[in-house]
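Please arrange chain X on chain S, whose structure you already have, making use of the hints.
Here the protein sequences line up with chains S and X, keeping their order.
Be aware that the first sequence starts at 1, since it is given in our numbering, and climbs by one per residue.
Be aware that the second sequence starts at 1, since it is given in our numbering, and climbs by one per residue.
Hints listed in this document are in silico derivations from the structure and should not be mistaken for laboratory results.
The C-beta atom is built at its ideal place from N, Cα and C for all residues, glycine as well.
Heads up, a few of these hints could be off.
Stated by the list, open to error - Listed next, with one range per pair, are the computed distances between beta-carbon atoms:
1. S:D99 - X:D99: 43 to 51 Å
2. X:E10 - S:I200: 51 to 59 Å
3. S:E52 - X:T174: 35 to 43 Å
To be verified - Some residues of chain S that are not near chain X, with every Cβ distance over 10 Å (derived):
4. V96
5. H105
6. E175
7. G190
8. T191
2 protein chains.
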Amino acid sequence: MWEFEEMTSEEVALLRRRYEPLTDSIRDLIDAALRTDAGDEVVQRATTALDEVTASLRNHQRTGTLGMNLTPDGESVPWGNLGNGLRNPLAPPLVVEYDGPLAAHIDVDLGAAYEGPPGHVHGGYCALVLDHLLGEVASGGSIETVAATGTISLRYQRPTRLGRLRVEASVQKTEGRKIFMAGSIADADGTTVTAEGLFIALRQ
Amino acid sequence: MWEFEEMTSEEVALLRRRYEPLTDSIRDLIDAALRTDAGDEVVQRATTALDEVTASLRNHQRTGTLGMNLTPDGESVPWGNLGNGLRNPLAPPLVVEYDGPLAAHIDVDLGAAYEGPPGHVHGGYCALVLDHLLGEVASGGSIETVAATGTISLRYQRPTRLGRLRVEASVQKTEGRKIFMAGSIADADGTTVTAEGLFIALRQ
Chain S
1 MWEFEEMTSE
11 EVALLRRRYE
21 PLTDSIRDLI
31 DAALRTDAGD
41 EVVQRATTAL
51 DEVTASLRNH
61 QRTGTLGMNL
71 TPDGESVPWG
81 NLGNGLRNPL
91 APPLVVEYDG
101 PLAAHIDVDL
111 GAAYEGPPGH
121 VHGGYCALVL
131 DHLLGEVASG
141 GSIETVAATG
151 TISLRYQRPT
161 RLGRLRVEAS
171 VQKTEGRKIF
181 MAGSIADADG
191 TTVTAEGLFI
201 ALRQ
Chain X
1 MWEFEEMTSE
11 EVALLRRRYE
21 PLTDSIRDLI
31 DAALRTDAGD
41 EVVQRATTAL
51 DEVTASLRNH
61 QRTGTLGMNL
71 TPDGESVPWG
81 NLGNGLRNPL
91 APPLVVEYDG
101 PLAAHIDVDL
111 GAAYEGPPGH
121 VHGGYCALVL
131 DHLLGEVASG
141 GSIETVAATG
151 TISLRYQRPT
161 RLGRLRVEAS
171 VQKTEGRKIF
181 MAGSIADADG
191 TTVTAEGLFI
201 ALRQ
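One chain only, chain S, in its complex shape (with noise of 0.2 Å):
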């Protein structure tokens, strides 16, 4: 179904020591740049600094997406992914837990950036982040059976606060290549948001 470049795990470790204190720095760079207040001067300033890294960066530049990388452990390594991308600054990254073969779950922090009504996560993250997890859990953690997200519903019980989550996802029950999902997101105050999911497993 996808195509996976392969790469041993110390390419892949070199590439997590050389790209992820960049990733970083651009993370906490986002969350500077929306939330200043500097004035003409210094953000004139910043912004003609961008643009220099920027063409640095640009001398080397690959021509497609990162796609995903597969070692030959068969371990995946998810570089530009939106949820989890270890290079993807826009990914917070989100990091999923097991809880056994069947559930798992996310704790994140969000930020300003991930602003939709003020002071609450845009509802649409929210389906992001249970779509991913509700996937990643369905797929078993195992890039041979990839799953794609056939349907998925949310119900929306209160805005979701910014600051620390709890996702969780497990699997409900399966029925030949189909696999039943459900999860929920919890701010401080409980939960905020509940997802079902019919997911299809591919063959790889």
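Same frame as chain S, but now just chain X:
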């Protein structure tokens, strides 16, 4: 329901002139950093330069998030919003164009930073964009009748290719405070995801 800061149209124009070029530069940086093949020396120099820019912006930093501003004309200004925030580098930003009072569309070009499956849009971002547009059209583009997502259901027909997308949404019917919405996403080859949503009109 939500709090808004008031701001004159002149203040809005001043802030857009000051901060939009910075935000655009960071959007470009994100793509360059994600797809660079540069080696250790270039990447380390870039990281140091970025940390200096971040420090200069943090010298003048607001404590909270940006929320929304409202001009005396009743125009709302989405500074920080994850979908359409003018100052949010994570927002493409999404720009809604109305096709009459009950329907609207978004044309948007999504690059490498929005990837899920290799070469394709993260399924969760499809959900995010649809939630964003359905909610916007349910609110009628007006700040007086904000509509909150009650439920949203998404059906994924096939993966959505990165590149130019057309997202559409329209009001199907209303019953009291309930607003029934429908929408879809299409890539160059046609419809990829459809959505139905129930939104609740909140009094402001």
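Hint check:
no.	hint	verdict
1	S:D99 - X:D99: 43 to 51 Å	holds, 46 Å
2	X:E10 - S:I200: 51 to 59 Å	holds, 53 Å
3	S:E52 - X:T174: 35 to 43 Å	violated, 52 Å
4	V96	holds, 13 Å
5	H105	holds, 16 Å
6	E175	holds, 18 Å
7	G190	holds, 18 Å
8	T191	holds, 15 Å
Hint check: a violation occurs at hint 3 only; the rest are consistent with the structure.
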